[in-house]
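Listed below are the residues making up each chain.
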Amino acid sequence: MSEMTTEILEQNLNKIVLVRLKGGKSLRGKLKGFDQHLNLVLEETEDTTAVENQLKLGLIIVRGDNVVLISPPPR
Amino acid sequence: MSEMTTEILEQNLNKIVLVRLKGGKSLRGKLKGFDQHLNLVLEETEDTTAVENQLKLGLIIVRGDNVVLISPPPR
Amino acid sequence: MSEMTTEILEQNLNKIVLVRLKGGKSLRGKLKGFDQHLNLVLEETEDTTAVENQLKLGLIIVRGDNVVLISPPPR
Amino acid sequence: MSEMTTEILEQNLNKIVLVRLKGGKSLRGKLKGFDQHLNLVLEETEDTTAVENQLKLGLIIVRGDNVVLISPPPR
Amino acid sequence: MSEMTTEILEQNLNKIVLVRLKGGKSLRGKLKGFDQHLNLVLEETEDTTAVENQLKLGLIIVRGDNVVLISPPPR
Amino acid sequence: MSEMTTEILEQNLNKIVLVRLKGGKSLRGKLKGFDQHLNLVLEETEDTTAVENQLKLGLIIVRGDNVVLISPPPR
Amino acid sequence: MSEMTTEILEQNLNKIVLVRLKGGKSLRGKLKGFDQHLNLVLEETEDTTAVENQLKLGLIIVRGDNVVLISPPPR
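Protein chains in written order, with my numbering: chain A, 1 to 75; chain B, 101 to 175; chain C, 201 to 275; chain D, 301 to 375; chain E, 401 to 475; chain F, 501 to 575; chain G, 601 to 675.
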């Protein structure tokens, strides 16, 4: 993981991030932790895959190999 | 695996967690054990994939590479 | 593999276990051996994927990377 | 690979085994060799995927990562 | 990663690149960082998969194992 | 890779082999080289996937992780 | 990667090669660089997947794990 990736993720700790997973699932939650495999800990997570039916997932651990991209909020 | 992931999983030992697997399967069971690959031991597990037909699986070992996310219960 | 996984599998040697594989196949057989990759040796195995057409497979070696979950019998 | 797996494969050298591959293909052939990745050498192999159209493949090398399960003949 | 790949990516830092991902998604964004796994940091990213509906993603981290190809702008 | 695999491949250098790839593609070509990952070099290769439309590919390098099985010609 | 593979790729530097990717995409471009994972740098690349709609991609980096086969031009 590049230093820049670590830096971006650290700057976004406790902020809302959008995460897209393989298979098309989208999550939105507060970034609480991460490691070099992009395993993530998210809080107050919502499954935003279906626009009209956003499931509340709360605190979750995401296994990094499912992650396609992580998008921090606009600054 | 980040320290935070380990900490969350340890705090939730013997508690009910929701596990989503690749391929769309959902499980709900009592977390009895885990390792750094997210191999899991769950007890009193139910396959909650189909809302109307929840299969009881009892004690299971989940191979970690199938795990998409793990969701502890709300505190 | 966590110690607990090893312990559960050892306790269930020579007992009937249910194994679910990637792709949806289900197997039921007597657990004769395993290793840390969850490569399995099963005896008197039946392919229980199709409820009405359970194929007898006898002794089999399962390559661990196909395993989704292993379920020992209720105690 | 567990010692038991090695032992079973060694006992079945020069015997007919059934091999199921990812993607659904089934092979039946005489086991001539194997390694710890379950790369296999089979002789007089038939592709038995389609019941009515069994293709003769003769001597083949199977790359182990395609293997789901190996089933020796009943004793 | 070959030296040439590193060189090309370094030459294109702060320039717009096109990235194609497994599963068919296309992204266009300003390359801000990368590492040897092709993990990427892109800025002002747009999801250009659907010609008529280009989503703005802003700053993103792409997990390298999803990348099929990276195309710098014509010089 | 077992010694037997190496031996078979060496014996079939400069001979026509049939190669089946993940995804269903079939190739037929003269084996010119290989390594322990089953990366292959084939010459005078034909894509024999479609019976009626066999494409000539000539000299090719096959990335080993795509290989399902390799079948030397009958002796 | 076998020495032969390296040799073939080196001989074809600055020549047009055909590259087939997992998922069915075909590329044609001038080979500018490669490494042992078959990460490739291609120049003047065209996406030749669809016969009637060949997209110009120009300079690209291909992540090696997507490569199925590489075909140098006939000599």
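If you're looking for bench data, these hints aren't it; they were derived computationally from the structure.
These numbers come from a predicted model, not from an experiment.
Any given hint might turn out to be false.
DEER-style ranges, computed between Cβ atoms [unchecked claim]:
(1) C:253 - D:373: 17 to 23 Å
(2) B:151 - C:223: 39 to 45 Å
(3) F:573 - C:230: 19 to 25 Å
(4) G:658 - F:510: 37 to 43 Å
(5) G:656 - B:156: 39 to 45 Å
(6) D:303 - C:250: 56 to 62 Å
(7) D:323 - E:450: 28 to 34 Å
(8) A:43 - G:607: 37 to 43 Å
Virtual Cβ for every residue (Gly too), placed ideally from N, Cα, C.
ask   = Looking back at the numbered hints, which does the structure fail to meet, lowest number first?
value = Checked against the structure, the hints that fail are numbers 2, 3, 5, 6 and 8, while the rest are satisfied.
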